[in-house]
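Heads up: the sequence lines are chains A, B, C and D, in that order. According to our numbering, the first sequence holds residues 46 to 187 in order. According to our numbering, the second sequence holds residues 46 to 187 in order. According to our numbering, the third sequence holds residues 46 to 187 in order. According to our numbering, the fourth sequence holds residues 46 to 187 in order.
No lab work stands behind these hints, which were simulated from the structure alone. Don't take each hint at face value.
Put simply, identical chains are the same to the list, so a pair is met inside one copy or across any two.
[Stated by the list, open to error] SDA-like, lysine to any residue: derived pairs with alpha carbons at most 25 angstroms apart:
no. : residue 1 : residue 2
1   : Lys68     : Leu170
2   : Lys70     : Gly123
3   : Lys70     : Asp163
4   : Lys122    : Ser66
5   : Lys122    : Glu89
6   : Lys70     : Asp98
7   : Lys70     : Leu94
8   : Lys70     : Gly111
9   : Lys122    : Asp163
4 protein chains.
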Amino acid sequence: MSLTLSSAQTIVATALAEARSRKAKPLAVIVLDAGGHPVAFAREDGASLFRHDIARAKAMGALGMGDDTRVLAERAKGNPAFFQSVSVAVGGNIAFSPGGVLIRHQREVIGAVGISGDTGDCDELCALAGLHAAGFNLENAK
Amino acid sequence: MSLTLSSAQTIVATALAEARSRKAKPLAVIVLDAGGHPVAFAREDGASLFRHDIARAKAMGALGMGDDTRVLAERAKGNPAFFQSVSVAVGGNIAFSPGGVLIRHQREVIGAVGISGDTGDCDELCALAGLHAAGFNLENAK
Amino acid sequence: MSLTLSSAQTIVATALAEARSRKAKPLAVIVLDAGGHPVAFAREDGASLFRHDIARAKAMGALGMGDDTRVLAERAKGNPAFFQSVSVAVGGNIAFSPGGVLIRHQREVIGAVGISGDTGDCDELCALAGLHAAGFNLENAK
Amino acid sequence: MSLTLSSAQTIVATALAEARSRKAKPLAVIVLDAGGHPVAFAREDGASLFRHDIARAKAMGALGMGDDTRVLAERAKGNPAFFQSVSVAVGGNIAFSPGGVLIRHQREVIGAVGISGDTGDCDELCALAGLHAAGFNLENAK
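Make a model of the complete structure from these sequences and hints.
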């Protein structure tokens, strides 16, 4: 199954609605397909200029390593020399903070969402809200 | 006046509706703010992988040179050596085909839209439909 | 409100006058607009070759993250893996040392100044002198 | 002899005064030292976003090839394949249009000025006005 624009737009819209209900700082939200190519993006008014690049690096990092950036950020703390070399080797397409989440349909990875703007924890909660609304990652839902 | 996410999303949605009414090939549509930073993006199902980068290069090229890419494409035909050197000097952030259109509120440039996927002429018509629906570039409207 | 060349030149000239009165090492001073594009730059005689790039990375980093580099440098100490990944993700457009200061007119961010050459503290004092002389960031002035 | 900031600022100020007297479009003016590193820069209000990069590519191209960009633009017309490969080989640090002029003190090259914004001919005239006012390139003056 491949990720549709319609699903990606549901993810973005729901993530931003969640952000507003949490009074989060202005966010950038990107959805990438399984090949790491952008499908949908939105940057809220007032979000600073790097939010696009950081959101994309979170999403691409998750896809590239096969794990959510929450996991990667933990690993990077334990092995900084390796993960710094990865960061450069992949042209900056990774960011070590929660908020980059693989999009899973049943067990298949069909893309990733990346969010930047508030704390990594808040960014990730908004991402998960978007994924659940679009019918993905439901086996992880609490 | 600065471009809002709400306006940018209107531009994207209307451009894609125009594309469907014209039975255009699948498109990518990006909206950049006045500084060239992404505000909103969508890539339709089936659009090929470079459509994001080409759409962004059209929008950024228009902003960077201060003219729509229809004008730049004409100029590049008359002076290819210069415009090819510009293309490299600006890191590929320009594309010489219609479909990159400055967003003007009254006389002020507040951003640019870039579309790629069908012919340059069709891409540009979809861009203009989006701009007019959002209340921009109305002095140019026929 | 957008930053004018005239204001940017006042910032540069006053920052350099402040540097001479403090007998600072030779400085580079850059002023960027709200989109991160250069408006004015000066490098003093004897300043070493990287001063331009470091000054620009300070100014761009402040704009990109929405905080002065004094704040970013503190944050980077507490979360080095994330901020190093950001550094690569944004193409080196950030530097973790004081001397990158957002230019605020009332509450709006209209650009940033970046200075490199002496200590980060001295660089920042020169930046603030320039900003105050041009009528900006006055609510922060002591 | 090395280029001073004071001389570079005279070049920039005089070039911009010349531009205003000619009612030129808004310009960007950069002065590089003999090593190709920026000494002074100004971008006039309303100049489009790529003007910095194009001005710098003109100045750096002149230094890099040892000829003014008027000469290089002519040569590129006669040998486009070679000059396009050079453009990529040097990372875009060259632009094939008049307006990049070597700064000569007696016979020594001590830097270069690059201007972008109007026609190449107009850009170059403004550059020469700046150079003459600062006491350089006088043997070429008409």
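Checklist line | Hints that the structure is at odds with (numbers, increasing) | finding: 4 and 5
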